[in-house]
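Colleague: With the hints as your guide, set chain E onto chain D.
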Amino acid sequence: VKQGSLFLYYRWVLLFVAAGLCLLPLWATVLGGFKSTGDLRTNPFGLPKEWITDNYFSIAASTRFWGLLWNSFIITFFTVVFTLLVSSMAAFTLAQLRFAGRRWIGTYLSLGLTFPFATAVLPVFIRVRDMGLLDSYWGVILPQIAFNLGFSVVLLRGFFSELPKELFEAAFLDGCSYPRIFWQITLPLSRPILATVGVLALVGSWNEFLLPLVMINRDEIYPWPLGIMQYQGQYGTDWGRVLAFVSLTMAPAIFFYLLAQKHIIAGLTSGAVKG
Amino acid sequence: MMRPVVVLSLFFSILGSLQTFAIIAALTDGGPSNSTHSAVSYLYTFGIKRMRVGFGSAVGVVLFIICVLVMLFYKRLFMREKEAS
Numbered sequence: 001v002k003q004g005s006l007f008l009y010y011r012w013v014l015l016f017v018a019a020g021l022c023l024l025p026l027w028a029t030v031l032g033g034f035k036s037t038g039d040l041r042t043n044p045f046g047l048p049k050e051w052i053t054d055n056y057f058s059i060a061a062s063t064r065f066w067g068l069l070w071n072s073f074i075i076t077f078f079t080v081v082f083t084l085l086v087s088s089m090a091a092f093t094l095a096q097l098r099f100a101g102r103r104w105i106g107t108y109l110s111l112g113l114t115f116p117f118a119t120a121v122l123p124v125f126i127r128v129r130d131m132g133l134l135d136s137y138w139g140v141i142l143p144q145i146a147f148n149l150g151f152s153v154v155l156l157r158g159f160f161s162e163l164p165k166e167l168f169e170a171a172f173l174d175g176c177s178y179p180r181i182f183w184q185i186t187l188p189l190s191r192p193i194l195a196t197v198g199v200l201a202l203v204g205s206w207n208e209f210l211l212p213l214v215m216i217n218r219d220e221i222y223p224w225p226l227g228i229m230q231y232q233g234q235y236g237t238d239w240g241r242v243l244a245f246v247s248l249t250m251a252p253a254i255f256f257y258l259l260a261q262k263h264i265i266a267g268l269t270s271g272a273v274k275g
Numbered sequence: 001m002m003r004p005v006v007v008l009s010l011f012f013s014i015l016g017s018l019q020t021f022a023i024i025a026a027l028t029d030g031g032p033s034n035s036t037h038s039a040v041s042y043l044y045t046f047g048i049k050r051m052r053v054g055f056g057s058a059v060g061v062v063l064f065i066i067c068v069l070v071m072l073f074y075k076r077l078f079m080r081e082k083e084a085s
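Protein chains in written order, with the working numbering: chain D, 1 to 275; chain E, 1 to 85.
Check each hint, because a few of them may be wrong.
To be verified - Quick partial rundown of chain E residues pointing at chain D, CB under 8 Å, derived from the structure:
1. L43
2. G60
3. C67
4. V68
What the hints assert, rightly or not - Computed list of lysine to aspartate or glutamate pairs in DMTMM-like fashion (alpha-carbon distance at most 25 Å, straight line):
5. E/K49 - D/E162
6. E/K75 - D/D130
7. E/K75 - D/E162
8. E/K49 - D/D135
9. E/K49 - D/D219
10. D/K49 - D/D238
Hint data in this document are derived by calculation from the structure and do not stem from the laboratory. All residues carry an ideal CB built from backbone N, CA and C; glycine is no exception.
In isolation and in its complexed conformation, chain D is listed as follows (with noise of 0.2 Å):
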């Protein structure tokens, strides 16, 4: 018994660095926003002398602010809605058709998770200056969809075909078609893999910093990571308010991200050990 509960405080400490650990810097960066730049530099860390709300305020009346947010929503919007569109229906065909080289075109697929956008800056930045979608939204979506399919073409797939053959059979039986089985029983089914998917690939295109920095150069239609760097002077910056920026447009994100968090963790696992 003794030895039991010794097992489980030091659990529990564990657990509690871990969790400080990866709430340090959030929690520093939101009363952070809080502080004057003289404040920061003497004490990171704890709470402010005096609370300057300015901060966030100044930034959220500002227009640029929403139009930073505007063009992030926009490229992270239409990124989830069409990584799922074909992500989906490629996973969806992989699993449930048999054809000659399916096989081969899904390990090619999959090969996409091992090709990481890094490497790969060079030549998708040529070839979209070729197509002329250099400083526009399309862009950055298009290769942030393209990147995307890899991870969640895996994903989808591992899911759908574990979902009960029956169903399809019986479907199949009363003639149903192919495009039918997919909207009506496939999607409907497959709901907490669609919504790990869309998060994942949500969060990802909100943070996205490298990509956009390649592809956009005109001020209007930056996304936020890039808007940051407007605070950052020739002489100074202003660290309390890039803090209060970084934390006005991180909760977004947080929020998607916690609001399918059971999701997100039941669903990569199911899709990882299958492999």
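Modeller: Below, chain E without anything else, positioned relative to chain D:
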């Protein structure tokens, strides 16, 4: 029991940290004299900012080969797991 999940998250964190970019771009920008570059920020600085496309592509290919090696290692661990079970 937990080994597949642990191996998977290890794999993702290795691949993720190989691609560190935003932190380096924000903090040091590769400075003083290119001593703090990661592979990706190196690629970005030379390939895109200074438009040395060939050199940047070479950096990308090397990074890709490293990622493939990591993946092969993961595959081997995974296969051994499958054989054991």
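Colleague: Look at each hint and say if it fits the structure.
Modeller: Cross-check of the supplied hints:
no. : hint           : result
1   : L43            : 6 Å, holds
2   : G60            : 4 Å, holds
3   : C67            : 6 Å, holds
4   : V68            : 6 Å, holds
5   : E/K49 - D/E162 : 47 Å, violated
6   : E/K75 - D/D130 : 37 Å, violated
7   : E/K75 - D/E162 : 22 Å, holds
8   : E/K49 - D/D135 : 16 Å, holds
9   : E/K49 - D/D219 : 18 Å, holds
10  : D/K49 - D/D238 : 17 Å, holds
Consistency note: the structure conflicts with the earlier hints numbered 5, 6.
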